[in-house]
Amino acid sequence: MGKLLLKNKEVAVPGEVIAEGMDYLPGFGTYREKEKIIANRIGLLFVDGKVVKTIPLEGRYLPKVNDVIICRVFDVLMSGWRLDINSAYSAVLMLQEASFKYIQKGADLTKFFSLDEYVVAKIIRVSSQNLVDLTMKGPGLRKLDGGQIIKVGTYKVPRIIGKKGSMISLIKDATGCRVIVGQNGYVWIQGDPEKELLAIQTIKKIEEESHKSGLTDEIKKYLDKKVKK
Amino acid sequence: MNEKFKDHIVKALNKNVRMDGRKKDDFRKITIETGVTCNAEGSARVICGETEVIAGIKMAVGTPYPDKSDEGILMTGVELYPMSNPDFEGGPPREDAIEIARVIDRGVRESGMIDTKKLCITPGEAVWMVNLDIAPINMDGNLIDIGTIAALAALKDAKMPELKNGKPDYKNLSKNPLPVSKNPIEVTVLKIGENLLVDPTQSEEKLLDARLTVSVLENSDICAMQKGGNSPLTDKDILEMVDLAIKKSKELRKLL
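From first to last, the protein sequence lines stand for chains Z and F. Here the working numbering is used: position 35 in the first sequence is 35, and no number is missing along the way. Here the working numbering is used: position 97 in the second sequence is 97, and no number is missing along the way.
This is chain Z alone, in the form it adopts within the complex (with noise of 0.2 Å):
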């Protein structure tokens, strides 16, 4: 039977070694060695079922498939469009990709979308190369006008949306903004300038104390009083 010798939740570090056993699956951020299960990146360890993981406190964005992401133009291409994905790597949105509606050869692209101008996107595929291929094709995926973009830390993401985005209802019910997380760590709100200026207060107090528990009782206590003046 294989033991874990870290408690879940507790930091890993770098090398050291979390589990025993051929019991164990190493997850992400972990990699065996041969009985061993060892840590390769700083985060706090989750233990799923047999599936050992540890989650980055900080970090850039890494790619994912399915993920639903903000992204800036700041290309146009031949047949597409470079982003900025807020990661190490760019992403490329092909014509096919780009709309429902049909684009006729050799149309200008800048009429779709424009140097600067920001899009919610789903990425598609993640090449071995970390090559991202975007879709614009989806619910809710769709050219962004208006409003403002604020960064915020890509590991915290999952707080600010909340468990089935109770967090993230919480915040657009209090303020009256329209708000999208991108889980890069791009957050686009929309709203009377007040109640935006209320709704990046919030973001960023559920920022820094992402790590508390109860957190989504103290944020509605804390928008409850805000309102309220």
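Calculated directly from the structure, the hints in this document are not laboratory data. Please note: incorrect hints may appear among the correct ones.
Simulated pairs of lysine to any residue, SDA-like, Cα-Cα distance not exceeding 25 Å [said to hold, decoys possible]:
| no. | chain 1 | residue 1 | chain 2 | residue 2 |
| --- | --- | --- | --- | --- |
| 1 | Z | K105 | Z | G59 |
| 2 | F | K24 | F | Y170 |
| 3 | Z | K228 | F | A60 |
| 4 | F | K4 | Z | W188 |
| 5 | F | K247 | F | L13 |
| 6 | F | K23 | Z | Y222 |
| 7 | F | K6 | Z | D116 |
| 8 | Z | K156 | F | N85 |
| 9 | Z | K151 | F | K29 |
| 10 | F | K250 | F | N195 |
| 11 | F | K58 | F | R94 |
| 12 | Z | K195 | F | F88 |
| 13 | F | K11 | F | I32 |
| 14 | Z | K204 | Z | F112 |
| 15 | Z | K151 | F | K159 |
| 16 | Z | K151 | F | S231 |
| 17 | F | K4 | Z | R125 |
| 18 | F | K11 | Z | L197 |
| 19 | F | K6 | F | A60 |
| 20 | Z | K204 | F | E194 |
| 21 | Z | K156 | Z | E58 |
| 22 | F | K15 | Z | D75 |
| 23 | F | K15 | Z | L77 |
| 24 | Z | K151 | F | V17 |
| 25 | F | K68 | F | I246 |
| 26 | F | K11 | F | I222 |
| 27 | Z | K111 | F | K6 |
| 28 | F | K4 | Z | F74 |
| 29 | Z | K137 | F | K4 |
| 30 | F | K191 | F | K58 |
| 31 | Z | K228 | F | K247 |
| 32 | F | K4 | Z | V68 |
| 33 | Z | K226 | F | V10 |
| 34 | F | K159 | F | L13 |
| 35 | F | K6 | Z | F112 |
| 36 | Z | K111 | F | M225 |
| 37 | F | K58 | F | Y170 |
| 38 | Z | K195 | F | K250 |
| 39 | Z | K228 | F | K23 |
| 40 | F | K206 | Z | D116 |
Chain F: place on chain Z using the hints.
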């Protein structure tokens, strides 16, 4: 910058909302630390929000300019390193870095803060040269104002090196400070649409229509100015901006 995002932030400014929650005439929290490097004769680190600037003073002995044979020399340099902001590139200083250096230099020089006559060793032959170097470690806007505060703090922190056979002995610093007296605080006022604001972040700096840097002394005298940006300023704008700059300079002076 995307035009639609610009409109959005300007609309918020028209309603008196800045996206970090400050008022239009609020500075971010400023902390000043002196004596941060061991090799410079004087140094200071100033942190203002996300912007962090280090200034250092290095003293050398050189020959004076022929037309000012009994006066010391002040040289100011600013380098914008790529580590401080992705918008900066390596290589020789560009227009933006040169402007910041010259505006800070002008404030210090024209205020008469340094008594250059006291920096003379032998008239016509040897004088002290004061090298003032300013480097942002992290840049989130308002480099001129924060650079000036760092420069003033470093100048006040500096100690003259001892002279040995006409050469400076950097290992033995004397207890004499530099001959500095005044405090020329620089305040940059931005005009975005019809809004006047101070201490911009980088995203606000990208939106500016016009800006005016005013260097103010203790008695509210103005000793230097610099206008930037593409839009013109009216008489009324300039008077309002100067009044705001004088008001803010009094608050900033308390920090030094």
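Hints versus structure:
no. : hint            : result
1   : K105/Z / G59/Z  : violated, 40 Å
2   : K24/F / Y170/F  : violated, 45 Å
3   : K228/Z / A60/F  : violated, 62 Å
4   : K4/F / W188/Z   : holds, 13 Å
5   : K247/F / L13/F  : holds, 21 Å
6   : K23/F / Y222/Z  : holds, 22 Å
7   : K6/F / D116/Z   : holds, 12 Å
8   : K156/Z / N85/F  : holds, 23 Å
9   : K151/Z / K29/F  : holds, 22 Å
10  : K250/F / N195/F : holds, 21 Å
11  : K58/F / R94/F   : holds, 23 Å
12  : K195/Z / F88/F  : violated, 33 Å
13  : K11/F / I32/F   : violated, 34 Å
14  : K204/Z / F112/Z : violated, 32 Å
15  : K151/Z / K159/F : violated, 43 Å
16  : K151/Z / S231/F : violated, 31 Å
17  : K4/F / R125/Z   : violated, 31 Å
18  : K11/F / L197/Z  : holds, 13 Å
19  : K6/F / A60/F    : violated, 47 Å
20  : K204/Z / E194/F : violated, 29 Å
21  : K156/Z / E58/Z  : holds, 8 Å
22  : K15/F / D75/Z   : violated, 34 Å
23  : K15/F / L77/Z   : violated, 39 Å
24  : K151/Z / V17/F  : holds, 19 Å
25  : K68/F / I246/F  : violated, 32 Å
26  : K11/F / I222/F  : violated, 33 Å
27  : K111/Z / K6/F   : holds, 19 Å
28  : K4/F / F74/Z    : holds, 16 Å
29  : K137/Z / K4/F   : holds, 24 Å
30  : K191/F / K58/F  : violated, 36 Å
31  : K228/Z / K247/F : violated, 34 Å
32  : K4/F / V68/Z    : holds, 23 Å
33  : K226/Z / V10/F  : holds, 24 Å
34  : K159/F / L13/F  : violated, 45 Å
35  : K6/F / F112/Z   : holds, 20 Å
36  : K111/Z / M225/F : violated, 43 Å
37  : K58/F / Y170/F  : holds, 10 Å
38  : K195/Z / K250/F : violated, 33 Å
39  : K228/Z / K23/F  : holds, 21 Å
40  : K206/F / D116/Z : holds, 14 Å
When each numbered hint is compared with the structure, violations occur for hints 1, 2, 3, 12, 13, 14, 15, 16, 17, 19, 20, 22, 23, 25, 26, 30, 31, 34, 36, 38.
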